[in-house]
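Chemist: Input sequences plus hints: build the corresponding full structure.
Counting in our numbering, the sequence shown tops out at residue 110, every number present.
No lab work stands behind these hints: they were computed from the structure. Treat the numbers as computed from the prediction; the structure is a model and nothing was measured. The beta carbon of each residue, even a glycine, is placed where N, CA and C say it ideally should be. Each hint should be verified, as a subset may be incorrect.
Beta-carbon label-pair distances, calculated as ranges [claimed, not checked]:
id, residue 1, residue 2, range
1, 7, 44, 17 to 25 Å
2, 83, 107, 16 to 24 Å
3, 109, 67, 22 to 30 Å
4, 16, 51, 19 to 27 Å
5, 33, 57, 24 to 32 Å
6, 19, 102, 33 to 41 Å
7, 84, 6, 36 to 44 Å
8, 108, 7, 23 to 31 Å
9, 53, 4, 27 to 35 Å
10, 20, 75, 51 to 59 Å
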Amino acid sequence: MTASKRKLLKAYVKPEVHQRITEHAKRTKLSASRVVERLLETGKLPDRSTDLVIVNLLQVNADQARLGNLLLKGINETADGHLVREMQKLLTEVRKTQGDIKARVAELKP
Numbered sequence: 001m002t003a004s005k006r007k008l009l010k011a012y013v014k015p016e017v018h019q020r021i022t023e024h025a026k027r028t029k030l031s032a033s034r035v036v037e038r039l040l041e042t043g044k045l046p047d048r049s050t051d052l053v054i055v056n057l058l059q060v061n062a063d064q065a066r067l068g069n070l071l072l073k074g075i076n077e078t079a080d081g082h083l084v085r086e087m088q089k090l091l092t093e094v095r096k097t098q099g100d101i102k103a104r105v106a107e108l109k110p
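Modeler: The structure is reproduced here in structure tokens:
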């Protein structure tokens, strides 16, 4: 087992602050330590809905990848030049959409 790069920090806070941290940790399904860490790193409390949006975008990106792979397979198996050009246009749009999705996920990640 590798040594943890994390350090123990003990802090005394007011009861109402402690309650807010633990409630937020339960609501977002994160540890209290992670809530405090993200608060200090980003200046805002972690938002579970942002995590869900990221997961959904990554699922769409995976669907786009599967579609792109199917288009490539179709291009390789089709002899009709006009159809191949149309499929290549679609493939270009799919790859552009994938790039857009990756950029959005990068913007959303804390």
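Chemist: Looking only at beta-carbon atoms, does the pair residue 83, residue 107 fall within the given range of 16 to 24 Å?
Modeler: Taking Cβ atoms as reference, residue 83 and residue 107 lie about 37 Å apart, which means the hint is violated.
Chemist: Could you see if the CB distance from residue 20 to residue 75 stays within 51 to 59 Å?
Modeler: 55 Å, holds
Chemist: Given a hint of 27 to 35 Å, does the C-beta separation of residue 53 and residue 4 actually sit inside it?
Modeler: 30 Å, holds
Chemist: Taking 36 to 44 Å as the hint, is the beta-carbon distance of residue 84 and residue 6 inside that range?
Modeler: 54 Å, violated
Chemist: CB of residue 108 to CB of residue 7, is that within 23 to 31 Å?
Modeler: 28 Å, holds
Chemist: Return holds or violated for the Cβ distance of residue 19 and residue 102 against the range 33 to 41 Å.
Modeler: Check passed, 38 Å falls within 33 to 41 Å.
Chemist: Starting from the range 19 to 27 Å, see whether the pair residue 16 and residue 51 falls in it by beta-carbon distance.
Modeler: Holds: the Cβ-Cβ distance is about 26 Å, inside 19 to 27 Å.
Chemist: Can you tell me whether the CB distance of residue 7 to residue 44 sits inside 17 to 25 Å?
Modeler: About 23 Å separates the Cβ atoms of residue 7 and residue 44, which means 17 to 25 Å holds.
Chemist: Do the Cβ positions of residue 109 and residue 67 conform to the proposed distance bound of 22 to 30 Å?
Modeler: At roughly 24 Å between Cβ atoms, residue 67 and residue 109 fall inside 22 to 30 Å, so the hint holds.
Chemist: Just tell me: holds or violated, for the beta carbon distance of residue 33 and residue 57 against 24 to 32 Å?
Modeler: 27 Å, holds
In this structure, the hints that do not hold are numbers 2 and 7, in rising order.
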